[in-house]
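Quick mapping for you: the protein sequence lines, in order, are chains A and B. Under my numbering, the first sequence has 277 at position 277, and the numbering climbs by one with no breaks. Under my numbering, the second sequence has 266 at position 266, and the numbering climbs by one with no breaks.
Any given hint could turn out to be false.
Note: identical chains are not told apart, hence a pair may lie in one copy or across any two.
What the hints assert, rightly or not - Each computed PhoX-like pair below joins lysine-lysine, with the alpha-carbon atoms no more than 20 Å apart:
1) 317 / 48
2) 328 / 48
3) 63 / 328
4) 271 / 108
5) 271 / 294
6) 271 / 141
To be clear, the hints were calculated from the coordinates, so they are not data collected in a lab. Note that the structure is a prediction, hence the values are computed from the model and not measured.
There are 2 protein chains.
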Amino acid sequence: MSQPYGRVFNLSAGPCTLPVPVLEEAKEQLLNYNGTGMSVMEMSHRSKPFEAIIHSAEEDLAKLLGIPGDYKILFLQGGATLQFSMAPMSYLCQGAQADYVVTGTWGKKAVEAARLEGPVNVVWDGKAGNYSDVPDLESLKYDARASYIHMTSNETIQGVEFHRDPSLKAPVICDMSSDILSRPVNVSKYALIYAGAQKNMGPAGATVVIIRKDMLDRVPREMHPMLDYRLQAENGSLYNTPPCWSIYICGLVYKHLLKCGGLAAAHSRNKAKAGVLYDAIDGSGGFYKGHAEKRARSIMNVTFTLPSDDLTSAFLKGAGAQSLDGLKGHRSVGGVRASIYNAFPEEGCHTLASYMAEFQRQNG
Amino acid sequence: MSQPYGRVFNLSAGPCTLPVPVLEEAKEQLLNYNGTGMSVMEMSHRSKPFEAIIHSAEEDLAKLLGIPGDYKILFLQGGATLQFSMAPMSYLCQGAQADYVVTGTWGKKAVEAARLEGPVNVVWDGKAGNYSDVPDLESLKYDARASYIHMTSNETIQGVEFHRDPSLKAPVICDMSSDILSRPVNVSKYALIYAGAQKNMGPAGATVVIIRKDMLDRVPREMHPMLDYRLQAENGSLYNTPPCWSIYICGLVYKHLLKCGGLAAAHSRNKAKAGVLYDAIDGSGGFYKGHAEKRARSIMNVTFTLPSDDLTSAFLKGAGAQSLDGLKGHRSVGGVRASIYNAFPEEGCHTLASYMAEFQRQNG
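Looking at chain A on its own, in the form it has when it is part of the complex (with noise of 0.2 Å):
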């Protein structure tokens, strides 16, 4: 079935779709933002249209995950790959260390980078099931001196997610980059969440960060600007110029959220779409075998693989004469990963599903 601008049903990893609306509202805007005069890729930072773009996306984020008013938003740079080490060069210095839980390949990089600043303590490390499953947070032993316990709440690679909120004494560093914004958040059971924008927000380019204030207070002096969390929450994120244009179509997307009913109906769709993909999965008789155990399933990113790697390919050649684009697995799991975005369709899950069932019947 034909998608409107003859879009393909993107199902990348991320970067991914975007809402149709917040695209047609930035090409409209692109020569001219608002009667400004100009593109808001050519705007001063420092101007107040731009600064109303800023605020107002900073508003809408803290009303979509019910921010706290102790905690600031900031956008910053360099992905998550720049908060693995950002998080570690602020709090695990001075004799500290800290708790990694570890369910997939994202988390291992993040300790990769806190091992250059300090001791880890890895608690929890699901290589022995291949990443398959994620643990019960509360019941695992945590070092008492750990300054802050890291966790990935959605590994993209592996699929697996954590489905609710942690409740630990200790400050909790969630990575969020590919499943913040697919459902409600109860933001106070966490000291800091960081996420890449190029999965539910918008454009690569821009780093959400939602720090409690207590957080900031214990960065240390002498830090690098772009590295310090304390001076770009003094500026609001502006102490240089920030991804402009990542946080305008960011804000789009936070307004779009709104309309749509907030992360309680998002979530709600999120569940619908993965159950289309899973019950595919588990309606197969093995044929499709899901990488996630049940528990640990994402909905964000449905991984799974078929019987041989002749099918695989197969599977993925024919795939793009259904307008199914970006469904080849990371190569450490293998096999199909679908990514299901706040944006992705659920007419696209339809779609896949079907070609799941009729590739069976003649492959199976």
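Dock chain B against the given chain A, drawing on the hints supplied.
Coordinates of chain B only, in the frame set by chain A:
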């Protein structure tokens, strides 16, 4: 005189005007880039179309600047401000020291960041003249032990610029944020050039680094990934998700510049544009006073003052009615700053010069 699409003459110091044909092409392809069925904002950075975008941006930039084969082009994040830190983190360690030439605000910031890493000798500082001049670089006394010399080719706030490339023994690291691509450059005179995209290249969010390969070998082991020139070079700027949209627009700007005759032609246009404004200043009998010494006058940022603060306010107020936007000078210099980067139309310089003459006639 009215501009296409109701656009104004945008004289902001950055972000700033981009070429209208580039914006038109970006608009045209916003929901479906080149038949891929998706926006560049939505495209996997590991996809063939995006690889083609970034490779072609690299090739075109190399062509424009005549970058020799022993250099690598990187597209990073964090702006020049992160480069103020990355350069000393990489080359001002293990007992090294560095020489800095300070011709304005940005050079001062670079020194501050470098001092967090190691000893810095300021070999020239324009402070006594309120940063209105640049030195003869070859006649300064450098420290034989300096592992590099840092300079700022154009100081955006003060409007002072070096008009030729230095010939120095030690590796030269140059912040070219505000004049890159404004004139032909002999890249081989520099060991490392960095520039935020948001003046002459594209939207904020991308930072271009042009680095000689031997400088990559000198980067210490155990760097944090996002601060590691070597790792970024090994991964062709794709270690993590890069600022794809900013890189795409930079690529369109490079193609546009090549089509318009390359950097020699851009230089002619820029000199002519700046000439219009400096002639207006010099012909005003002292009513308008240029901040920079004539030999150091920037062809990108034209800074000048009026006889009083009241006249300055009135001048800035009246400019809006001529669609002249973003003229307010930085508080450290005061007065007026006309930033006339590559994409700023010559017509806008004539409009401003006429307005200056008319304002003087009424208030002089």
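Hints and how they fare:
1. Taking CA atoms no more than 20 Å apart as the test, residue 317 paired with residue 48 passes between copies only; the shortest distance there is 15 Å, against 49 Å inside one copy.
2. Proximity of residue 328 and residue 48 under a CA criterion of 20 Å is satisfied inter-copy only: 13 Å between copies versus 44 Å inside one chain copy.
3. Taking the closest pair of Cα atoms, residue 63 and residue 328 never come within 20 Å of each other, the shortest separation being 35 Å inside a single copy and 35 Å across copies.
4. Proximity of residue 271 to residue 108 under the C-alpha cut-off of 20 Å is found in neither arrangement, the shortest distances being 27 Å within a copy and 53 Å between copies.
5. In this homomeric assembly, residue 271 and residue 294 come within 20 Å of each other (Cα to Cα) only inside a single copy, at 13 Å, whereas the closest approach across copies is 66 Å.
6. In this assembly of identical chains, residue 271 and residue 141 lie within 20 Å of each other by CA distance neither inside one copy nor across copies; the values are 31 Å within and 68 Å between.
Of the numbered hints listed earlier, those contradicted by the structure are 3, 4 and 6.
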